[in-house]
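Chains G and S, in that order, are what the protein sequence lines are. Just so you know, the first sequence maps onto residues 88 to 200 in our numbering. Just so you know, the second sequence maps onto residues 7 to 120 in our numbering.
In case anyone wonders, no lab produced these hints; they're calculated from the structure. It cannot be assumed that every hint is accurate.
Here are the simulated distance ranges between beta carbons [as the list claims (entries may be wrong)]: (1) G:A104 x S:G69: 21 to 27 Å; (2) S:V94 x G:H96: 14 to 20 Å; (3) G:P200 x S:S73: 20 to 26 Å; (4) G:A104 x S:D44: 28 to 34 Å.
Derived PhoX-like pairs (lysine-lysine); straight-line CA-CA distance at most 25 Å [claimed, not checked]: (5) G:K192 x G:K158; (6) G:K192 x S:K20; (7) G:K192 x G:K145; (8) G:K195 x G:K148; (9) G:K195 x S:K15; (10) G:K145 x G:K195.
For each residue, glycine too, the CB sits at the ideal point set by N, CA and C.
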Amino acid sequence: AQSVSQHNHHVILSEAASLELGCNYSYGGTVNLFWYVQYPGQHLQLLLKYFSGDPLVKGIKGFEAEFIKSKFSFNLRKPSVQWSDTAEYFCAGAGGSQGNLIFGKGTKLSVKP
Amino acid sequence: NAGVTQTPKFQVLKTGQSMTLQCAQDMNHEYMSWYRQDPGMGLRLIHYSVGAGITDQGEVPNGYNVSRSTTEDFPLRLLSAAPSQTSVYFCASSPLRVRVNEQFFGPGTRLTVL
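Chain S on its own, in the form it takes in the complex (with noise of 0.2 Å):
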């Protein structure tokens, strides 16, 4: 199994522009999540999925949008690209749908936006 996987590990953008962040696992995992992490703000969830077809907001889902059309990918859409969303996000599965049990983490994607 190659758990969760993000691609790419590092972009630069502009201010304005738009890109997909992209999250897959291959556990068969109900769950899926994004955070974003900044230095001395921990980890702060975007947006959630608790099955195909089913997403919700998290704490910080402003300028972002996802989609879960399959169990395996969860791709996290930047609208519209602003400094503030420089950061490392990381997207996480967890087995359990009722409860969220341990969550698995991707390696993250460090983005930069100039």
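So here's chain G without its partners, still in its complex pose (with noise of 0.2 Å):
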């Protein structure tokens, strides 16, 4: 069965400290990965996606991740996070024939200033 697997429920950094966040998929055959980002009381925004090609994906303020399909990850970096990185992080992943996302169940990152 298609899945999405989030390491991480709560990450707590202090702010400069670098990020990571794992997450695992398991698909069968072409998948498309995403990044989403939700700060408090808001909608899910974007960070990042990764069809194909080069597997190091940038975002925007500053995320990466990278897509190794030997692993089945596509993990989430940021060098140096800010306190207004505070959000829930969700990886989802689309492919079959639909295409529906399937989401993480998320990870709470908390910086502390």
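Build the complex: two chains, separate frames, hints provided.
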């Protein structure tokens, strides 16, 4: 069955620390991968997406993710987090005949000033 | 463009009541979908549509009904509300029919069923 899993439920970092959030997917065939962010009280916004080509994808606000096919992973990274990065982050995959998005359960990031 | 709009923002229902959550988009997107978000569960797909007149079930369709009479609108109906349907509901749309591309999300409707 298709699935997306996120390893961390809640991550707490200090400002300027580096961030890596794990995401693994289970899909057969072609898969499109996404990272969304949800700031407190707001709707989901796209951070970045991967369809094909360069496995290192750069998104908005200094975020990047690397698609590693052999590990079925699509981890999100940021070299130096800010307090304003406090949010919940969702990894999602789309594949199959309809291409519906399947979301991971999310990782809450709290950044201490 | 307003993007994806949802009404109402908040709603409280009693068990057994019915209601319709409205969703509209002005981007001429063919694909539209409804998700529910529950703590620790991420977002789960309720129903989706790949065009006017075409709808299908997602992961958690029980207790919900949808229709798609126009490209712009995709209402979600709760037939007989239950406390288990207390959740935040998000509508989303996407421009591609063949392959789901980036989905654009509405602001959400927070529903409480007493």
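Hint-by-hint comparison with the structure:
no., hint, result
1, G:A104 x S:G69: 21 to 27 Å, "violated, 43 Å"
2, S:V94 x G:H96: 14 to 20 Å, "holds, 18 Å"
3, G:P200 x S:S73: 20 to 26 Å, "violated, 48 Å"
4, G:A104 x S:D44: 28 to 34 Å, "holds, 29 Å"
5, G:K192 x G:K158, "holds, 19 Å"
6, G:K192 x S:K20, "violated, 28 Å"
7, G:K192 x G:K145, "holds, 22 Å"
8, G:K195 x G:K148, "holds, 17 Å"
9, G:K195 x S:K15, "holds, 23 Å"
10, G:K145 x G:K195, "holds, 21 Å"
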